[in-house]
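**Student:** The lines below spell out each chain.
There are 4 protein chains.
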Amino acid sequence: MIIVLKPRTSQQEADEILSKIEKMGLKPLYMPGVERTVIGALGDERMLGRLHLESHPAVERVDPILAPYKAVSREMHPEDSTIQVGNLTIGGKGFGVIAGPCAVESYEQLSATAKAVKAAGAHGLRGGAFKPRTSPYSFQGLGLEGLKILQQVGAETGLPVITEVVEVADVEAVQEHADAFQVGARNMQNFRLLTALGQAGKPVFLKRGMAATVKDVLMSAEYIVSEGNRDVVFVERGIRTFEGGTRNTLDLSAVCQFKKLSHLPVVVDPSHGTGVREYVAPMAYAAAASGADGILVEVHCNPKEALSDGAQSLFPEQFTELMQRIAPFAEAAGRRL
Amino acid sequence: MIIVLKPRTSQQEADEILSKIEKMGLKPLYMPGVERTVIGALGDERMLGRLHLESHPAVERVDPILAPYKAVSREMHPEDSTIQVGNLTIGGKGFGVIAGPCAVESYEQLSATAKAVKAAGAHGLRGGAFKPRTSPYSFQGLGLEGLKILQQVGAETGLPVITEVVEVADVEAVQEHADAFQVGARNMQNFRLLTALGQAGKPVFLKRGMAATVKDVLMSAEYIVSEGNRDVVFVERGIRTFEGGTRNTLDLSAVCQFKKLSHLPVVVDPSHGTGVREYVAPMAYAAAASGADGILVEVHCNPKEALSDGAQSLFPEQFTELMQRIAPFAEAAGRRL
Amino acid sequence: MIIVLKPRTSQQEADEILSKIEKMGLKPLYMPGVERTVIGALGDERMLGRLHLESHPAVERVDPILAPYKAVSREMHPEDSTIQVGNLTIGGKGFGVIAGPCAVESYEQLSATAKAVKAAGAHGLRGGAFKPRTSPYSFQGLGLEGLKILQQVGAETGLPVITEVVEVADVEAVQEHADAFQVGARNMQNFRLLTALGQAGKPVFLKRGMAATVKDVLMSAEYIVSEGNRDVVFVERGIRTFEGGTRNTLDLSAVCQFKKLSHLPVVVDPSHGTGVREYVAPMAYAAAASGADGILVEVHCNPKEALSDGAQSLFPEQFTELMQRIAPFAEAAGRRL
Amino acid sequence: MIIVLKPRTSQQEADEILSKIEKMGLKPLYMPGVERTVIGALGDERMLGRLHLESHPAVERVDPILAPYKAVSREMHPEDSTIQVGNLTIGGKGFGVIAGPCAVESYEQLSATAKAVKAAGAHGLRGGAFKPRTSPYSFQGLGLEGLKILQQVGAETGLPVITEVVEVADVEAVQEHADAFQVGARNMQNFRLLTALGQAGKPVFLKRGMAATVKDVLMSAEYIVSEGNRDVVFVERGIRTFEGGTRNTLDLSAVCQFKKLSHLPVVVDPSHGTGVREYVAPMAYAAAASGADGILVEVHCNPKEALSDGAQSLFPEQFTELMQRIAPFAEAAGRRL
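Residue numbers (the working numbering), protein chains in the order written: chain Y, 1 to 337; chain V, 1 to 337; chain C, 1 to 337; chain F, 1 to 337.
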C-alpha cells in the first residue's frame, strides 16, 4: 500500500502513521521527497483496511497495490473455472446459449418459446417470474406460479432453466424450481441477497449493475464466493452512459477485463445491452468473438404481445438465424456451440 | 402518445395500430407525412402501456406525452408537501439539518457525536446500523444492536433518528427503533423493499441511485406512495460519472428538477456527494442556495478512527462552523435553520 | 414535429404557435388533451428550426420526427457507400486493416513498422505527425517532417497513408502528403476544421468524440458532406464513462447504429478504444463480428520505446497473430481480408 | 512515482527498470512483496515521462505521485490569483457577473440586451460572433461583423466584452475587438488554439469540455500559462452524463476542486450547465454559495426570437430578479457584487 501525505505534513504525523503500520505487522517504508512524502507498507496490505488511513487528515491519498478481491481473482486460481447449470457447462470449450422470454407470461407462451429456442439449438431457457420493473403500474411477473411453469417447461424440453431472484425470502423457492439464479443489474449490490446466494446450492448469474465497474462486479461476486458458493457467472449487459440510441452501452471489453482478473466465466446479454431488436444478433456475434463463454438472449414466441421488453425480444425465426450465423464466430474463437 | 412509424410501413399496419388505439377507448389521429407517418392517441395514454406498441415491428418509436408517475407529481398536488420526522418538519419554511456518523459503532461514539451535532444546532441524527459495503471484508454494521443504540441516543438528545433499511425482513425492526427509514442508493430500485416501505408507517428518505435519472427516482417514489405511504423525501447524493476527483458528481440541478416535477421535499447529502471532507461545507451552502429543504451530513466524533467513510466525515468543530456559516445562505433562500 | 405545451397554456398562446407553423407552409394540427395540449406540424419540419419554438415560454418540449441530418442518412442513400483511400476500398465486401504507430518518430521507426504490418497483411498505414497531447510537456509530433516521412514510407511499401489533421492551416499540407485525413476525437466538433475538410479532396476518417453520441457524429459528418466531400468514414474509438479499467469504453453497438442510420462506412479503433495492449486483439475480432468495415490498430516496432501511447501499441508479432486470427471472423461476417 | 510490476516479473526485468530510473538521476527504491513487486522513484518524477515505463510489458501500472501540471497549480502559487478583464476584476473579494445573449444577432439586439443587463448590475457583456453549432444548417454567427458590434456596444455601455474564439486564424481579430477570449467546451482540447492564446495578450475564459475531468481542464490551462499568458479563468459549464432532464450536469463541486488544486479563478455558467431557463437562477445562487468567483449568464432581450439557445436565455426581468436575489448569497460567501 502506498500512502501519499499532504504537503507540509509534520514529521510527527508521518511517524504516527509509520508506527501504526508497523504495529499491524507490516514493514513500513519512508520515502521523503521535495514535494511530497510517500509511505509504503510491505506485507499483507489487506490488514491495513482496519487502520482507515484514508480518514487521516494528513493523508492525501491511499493507493492499494493489491486488488481487494481474492476468492474470485485469477491470481488465486489461474485456470479457468467451469460452472455446471443442469446439463449445461458454462466455460471451457463450449459456447452456451440461454434464450427465452423476458417474463414468464403463461404456460402456452413459455412452452411455445422454449420449443422454438430448443429447436434452434439453445442450451438453456431463461424467463423471469419476479420482474423488477421501473414503474409500479407495469406487469410484475407471475411469481411462484411463474416458477412452476418454468420448471415444468424446462423438464418438458430438457433445457436447464435460469430465473431472477429479487429477495432473500425468495431464494429457497427459486432454488427449488430453477437450475440457476440470476441477480439483476438493480440488485448487483444488494449485499444481503448476495450473502444468501453464497449459502445457496445453485449457480448464480450475476449481472453487472448500470453504474458498476468491472471491479465492483468482482467485489459482489466475492460476497457470494466467500460464503461458500463458488459457482458464479458474470453477465455483461451494458452500462448507463449519455448515449441514447441504445438502452445501455454494451461494454464488450469488460469480457477481456473479467477474463484477465478472474477465473470465473462470463456471458453477454445483447438484448438488455442494446434494447434494440436488430442490434441483438450483431452484438451476439461480437460477444462470441470477444471471448465470452456464452450469451443470454431474449426470444418471445410473439414479441408484439410481450408483456415486457418486447422491443428487444427476437422473433423465433430471428433467433434461428442467429444460431446459424453465430456458429462460425464461436468456432473462430475456439468454441463449439 | 405519439407513435412514429418506420419508413415504408404499409397502410394495413398503420390501420392495425389505429384500430388498437381506438379499442382502448382513446381517439387515434392519423398524420401521414412524406418521410414518416405519425400516429397520435388522445386520451389517458397510460392505458396504452398495455398495448406494448414499442414492440410492434412497424413502430420506430413511441413518445409519451404524459409523465409515467402520478401520485408524486406536482400536477396532481401543486402545493409543496411537508414531511414530519419526529419533531422535525422537512419542507416548508425550515431548513433541516440531519447529521451523524456513517455507521453506529458504539454507544460512546454515537452519543459523543450526537451531543456535538445537537450543540451545533442539528435537527436530526443519522447513523447506519445495517451498512451495505462494497467489500465483504469491510465492517457491515452492528445490526439490531446498532438500532437500539440509535434509539437510545435519539431519546437522550431529543433528536429524531433516521437509519438505513436494506431488506424487507428488517422493515419492522427499523420502524420500531427509528423515526424514518433511509433507502440507500444501491437499493433505490429494490422494488420489493419500496413496496414494503409503502405499507410502513414512517417517512422514507429515498436516495438517488448512482445511475438513476431524476425521473427514475420519481418512479421509485411512486412505488412507495402508490402503496399508501405519502411521506417520501428525495435525497440527492451524486451520480456516477467519469470525474474521479470526487467520489460522485453531486447534481444540484436535480433539486430544481425534483421541485419542478414533484411536490415532495428534497434534501442533499454533500458527504457522499463529494467524498472529500473539505468539499462538504461549500456543497452544503450551495445546496441551501439551490432551494433544497435540508441536508444530510456525516459527522464523526473522531473521523481518524471511523470504521467507514471517515475520509468524508466532518470533525465536530468543522460541523459547528458549517452550521454557523450556512445560516445566512438558508435565510437568503427564504428558510430558517 | 410534435410540440407539447405546458399545462394551463392559454388558447391564445396555442393559436399564436399554430399560426406561426401555418405561415412557414406546414400543416398545423391541434390536439387538445385533458392534461396537455399537443400541436403537430406536418410537412418539412426542418423549416421549423427557424421558429425556435423550444424558446417559447408556453412550450414544454419539442420532439422532432425527422433526423436533423440528411446527406449522411441512409434514407437519402439506401445503399452502402464505399470510400477509396489510395488503393484501399473501405466498405463493401472487404475488411480494411490500417495499422501503424501512434506517432511518426523517425524514418527508421516508421519504415520498420510499416514493413512489419505490410508483411502481416495490413492494407493501410497510420501514423501521426501532428499529435494532440493532453500535456504541453509531452511529445507533440514531428509536424511537416513527419508528413514527409509518412509519404515516403507509404510510397516505399505501397500502403496508402492516413494521418491526423488538427487545424485548418494544415489541411493543404496533409492533403499533399497523405491519402486520407483523420479527425481526432478532440476535434470532432471543430466545425471550422470540418468545413475546411468538406472542401478538401481526400477522404476523412472522423473519430467519435469522447462525449459524442452517434447522432452527434452524424451531424459532424454532415458538415463535411454538405460542403461537397462525400468521402467520410466513421471511427468508433470508445467513449468516456465511469469505467476505469479501460482507457475508454468501446461501444461496438455504435457500429450497428451507424449502419442503420447512415450509408457511410465505419471502422473501429480497438487501440484507443481500450488503451490496453492485451485487449486490442479480442476487440478487433469483435469489431469484425459486429459488422464493421475495418479496423485502425496501433503497432510499433518497439513499443517499449514509443514516444506516445506505447501501452496500447502491439508488438509486430502480436499484430501478425491478430491478422491470422481475424480472418475467419471477417469471413463469418461476409468479408474478405 | 510508484511502478507496480506484473506478477511473475523476473529479477532481470526489475533490475532493468531500476537501472533506467537511476540513469535519469532519480533514486530507485525496490520493494519486493509476496504478490507484487513495487518500485519507487524518488526525485523529480516528471523526468520519468521520457522513460515511458507504462509501455513496458513487465509494468502493471504506474502511479504518479505529483500532478502533471505545474504553472497553474496552487502549490507553485499558494495565493489566489485575480484576473483583470477591462475594468472588471475576476477573483478576490468581488463576484463578477457577465451576461448577454448566446449570439450577437444585430446591433439592436445586443444594444437592448446590454443596456438591460447593465441596468440590472452586470459587470461584463458576453455574446458570440463565431458560434460552434452542432448542425451545419443552424445560424453560425455574424463573424467579424459581430465582433465589431460587440466592441461598439461594450464601449457604449462601459462593459468589458468577452467572446468565443474558435480558431487560431481568428485570435488576432478577437483580441482587437474584445476584452477577453472564451474557449468553448468543444475546443477545450484544441491544443493549437490554446498555444496561440498562450501567446496572446488578453485573458482567456476556458470552458470545461463535456467529457473533461477537472484535471484535464488544468492541463489545458497549463498549455496557455506555460506559453506566457497567466490570465486564465476556468468556467464550469456542466459535463455530459446519462441525466436527460438537463442539457448537461452542472458539477458545482468542480469549483471546490479548482480552488484546491489551482490559484486561478473559476466562474460558473448556469445557462449551458442546465439548458433550462427556470433552473438558471437557483444554480447561479448555488454557484455563489459554492465559492465561485462569478457567473456567465445568457440573457436575451427577446428569447422567443433568439437565433440560438433561446430555451436557456433569461428574459431581462428574470435577470434583474436574479441580480437582486443573488446579492445576499454572494455576501454570505464573503463577496460583494
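Hints may be right or wrong, so weigh each one.
The list treats identical chains as interchangeable, and a pair is accepted whether it falls inside one copy or across any two copies.
[Stated by the list, open to error] Using 25 Å as the maximum straight-line C-alpha spacing, the simulated SDA-like pairs for lysine to any residue come out as follows:
#1 K115 <-> E156
#2 K260 <-> S10
#3 K93 <-> E305
#4 K70 <-> R133
#5 K23 <-> E13
#6 K304 <-> P7
Calculated from the structure, these hints are not laboratory results.
**Student:** Next, verify each hint and record whether it holds.
**Tutor:** Checked hints:
1. Only within a single protomer do K115 and E156 lie at most 25 Å apart by alpha-carbon distance; the minimum there is 9 Å, versus 60 Å between protomers.
2. Taking the closest pair of Cα atoms, K260 and S10 come within 25 Å of each other only across two copies (20 Å); inside a single copy the shortest separation is 41 Å, beyond that limit.
3. Taking the shortest Cα distances, K93 and E305 never come within 25 Å of each other, neither inside one copy (37 Å) nor across copies (38 Å).
4. Taking identical chains as interchangeable, the C-alpha atoms of K70 and R133 lie at most 25 Å apart only when they sit on different chains, with a minimum of 16 Å there against 34 Å within one chain.
5. Proximity of K23 to E13 under the C-alpha cut-off of 25 Å is restricted to the intra-copy arrangement: shortest distance 15 Å within a copy versus 33 Å between copies.
6. In the homo-oligomer, the alpha carbons of K304 and P7 lie at most 25 Å apart only across protomers (18 Å), although the nearest pairing inside one protomer, at 64 Å, exceeds that limit.
The earlier numbered hint that this structure contradicts is number 3, and it is the only one.
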